[in-house]
Amino acid sequence: MSNRVPFHVSLRLLAAVAVAQLMLLGLGSTTPVAMAQLPAVAATEQTWSGTMTVQDQRRFRFVVKLKQQDDHWQGTLLSPDEGGKSFRLDEVQFGDGNLRFEIKVSGAVYESQLSADAAATKGVWKQRGLEFPLDFKRVDAAPKRKLGSAWRGTINTVIQKLDVVFYTAEDGQLLFDSITQKAGGFLAKDESTDDEVVYVVPAVKGTFRGKRSEDGKSIQGTWKQGLIGLSLELRRVEDPPSEWSVEPPSRPQTPKLPLPYQVEEVTFASQAEGVQLAGTLTLPESPVAAVVLVSGSGPQDRDETLLDHKPFLVIADHLARQGIAVLRYDDRGFGKSTGEFEGATTFDFAKDARGAVSWLSQHPQLKQHPIGICGHSEGGLVAPLVATADARVKFIVLLAGPGVNGERILRSQTPLVLKAAGATDEVVALQTKFQDALIAIVARHPQGTAAELEAAMKARLGEIFSEAEIEKHKFASKVKPAVAQLASPWFREFLKLEPRVALERVACPVLALNGEKDLQVEPKLNLPAIREALQRGGNRDHEVLELPGLNHLFQPCKTGSVGEYAQIELTIAPHVLEKLSSWIRQHVAE
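Numbered by my numbering, the letters in the sequence shown go through residues 7 to 596 in order.
These are computed hints drawn from the structure, not numbers from a lab. A hint or two may mislead.
[What the hints assert, rightly or not] Using C-beta positions, here's what the derived DEER-type ranges look like: (1) F138 / P254: 26 to 34 Å; (2) L551 / S248: 47 to 55 Å; (3) T455 / E291: 50 to 58 Å; (4) G544 / T351: 25 to 33 Å; (5) Q374 / E549: 24 to 32 Å; (6) E291 / E432: 54 to 62 Å; (7) P534 / L236: 32 to 40 Å; (8) L236 / T455: 43 to 51 Å; (9) S292 / P139: 56 to 64 Å; (10) G280 / F138: 30 to 38 Å; (11) E549 / P139: 53 to 61 Å; (12) H581 / E432: 37 to 45 Å; (13) H581 / E137: 46 to 54 Å.
Virtual Cβ for every residue (Gly too), placed ideally from N, Cα, C.
Just need the whole structure built from these sequences, with the hints factored in.
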């Protein structure tokens, strides 16, 4: 279930055969700019460019856009090696010899000193216990790369086709991108001989070996990651572009204009002080009910966008066509919503959802109609919390909602996800042992600081692993970022939060759905727990269903692997949408 990540970038599987999820970092090398022509620091709009190298495995290019509004600065950070993803900057301080900003949604902080001419910075990027040097230069516009040789091909993993490319940056460094996954800037090594082309990518434990064609325009070979080898033909790219791109994937369920309902941009207050949420209301002509959509874990936009899928947009469109109004919103501190995501817990997100219910209950066209909550993943934890606290909630829907505490979720999720990604039994056992030890330490030291937990975990490593295992799997280097994540307020709460406590008190009708192949919230662990909690509480109107052949996103799938999500064109199986609308209409008509 958890989408929490140690950096502001997303965690994704490089391929279906990847052994573990990979942190996306970036690539750099920018075109020099004549500093003499740059404006002074007083300019109201500025562009800054910098590159961060992380653990000698990735380069991360950043472009920061700053703009002065009245007496303060605001800005965005663009990450080209993540497909151009943009992040809002918080608490920007610019002047008096310093440039500082935060990205609160991920807990990142950048602190630096300005050069004497205010045309460059020298600073440090800090995030969840880790620090990396990062310097910026002021530029006229975002730099465009001029790349050297480039070789591009497609890895067919059966469940997913991945466009990849090896190319030479301006400084001569060989780099590797998984273009399909918008994951750029992996540092690679050229270990070729006269007889064979060999490219090694340490960060993903991947190696390409191949033979050049007689005309020198292609290389036929094999990509090996873990124990699995897949055929890969690389073809020379003539005049390579500054940025790599692929055709956008087909998403046939994403609604297209014209729409048979109203769409309104709205803002409303959370029940948490100082948090203003921005969202979208889809309003049919003659509504019979209204639903609040609550997203899963990790910062999400109002559409719950993931890999070009927009599940909440698809749900809202379907329900609106069935006469059910829908309010969906950007998570706090994300998109156009204010507040801080980092440091918030599930109970804080429940306050946000209660604010949505309050707003709907006062809407002139909706206040006389039943209001419900539909939560996906962690949103399925939030929905019962709100329903037990607010009698205006007349029904709830749990889409892949947890029925057990977070500790049990993680212990179930980790081996399932790793096995589906192609990990060996040995790797699964070792990673599970590492995670279990870490969870146990956090549980034993509920008030422990990150430093105390880190020290305890490092001491524990020698007790549960051999020196060879620690070295081979780099467990010592994994402790600090792992502890930083599990020591966060959200994770501490998630590990111990028992869904049954709220579920036993839910009096309104409940629909709980789970995909049979959901690896993140395992149905056979969670659905029985949900059913039992509702029965213990005396709830007589509930339906708990395991849906065959569907994954965590309710897509028709083969394995349920995270690696399938992007490749599957359907965002949500149509019969799931039909079940949602028919169940809601049935219950609001009673």
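How the hints compare with the structure:
About 32 Å separates the C-beta atoms of F138 and P254, a value consistent with the hinted range of 26 to 34 Å. At roughly 49 Å, the beta carbons of L551 and S248 sit within the given window of 47 to 55 Å. A C-beta distance of roughly 56 Å is found between T455 and E291, which places it inside the suggested range of 50 to 58 Å. Hint check: G544 to T351, Cβ distance near 28 Å, so the stated range 25 to 33 Å holds.
Evaluation of the 24 to 32 Å hint for Q374 and E549 yields a pass: the beta carbon distance comes to about 26 Å. Here the CB-CB span from E291 to E432 is close to 60 Å, well matched to the stated 54 to 62 Å. Checked against the hint of 32 to 40 Å, the C-beta distance between P534 and L236 comes to roughly 38 Å, which is consistent with it. Checking the proposed 43 to 51 Å range against L236 and T455 shows it holds: the Cβ atoms sit about 44 Å from each other.
Between S292 and P139 the CB atoms are about 60 Å apart, so this pair conforms to the stated range of 56 to 64 Å. The beta-carbon spacing between G280 and F138, approximately 31 Å, falls within the hinted interval of 30 to 38 Å. The beta-carbon spacing between E549 and P139, approximately 55 Å, falls within the hinted interval of 53 to 61 Å. For H581 and E432, the hinted distance range of 37 to 45 Å is satisfied, since their beta carbons lie about 40 Å from each other.
Against the hinted window of 46 to 54 Å, the Cβ-Cβ separation of H581 and E137 comes to about 49 Å, which satisfies the hint.
Checked against the numbered hints given earlier, this structure breaks none of them.
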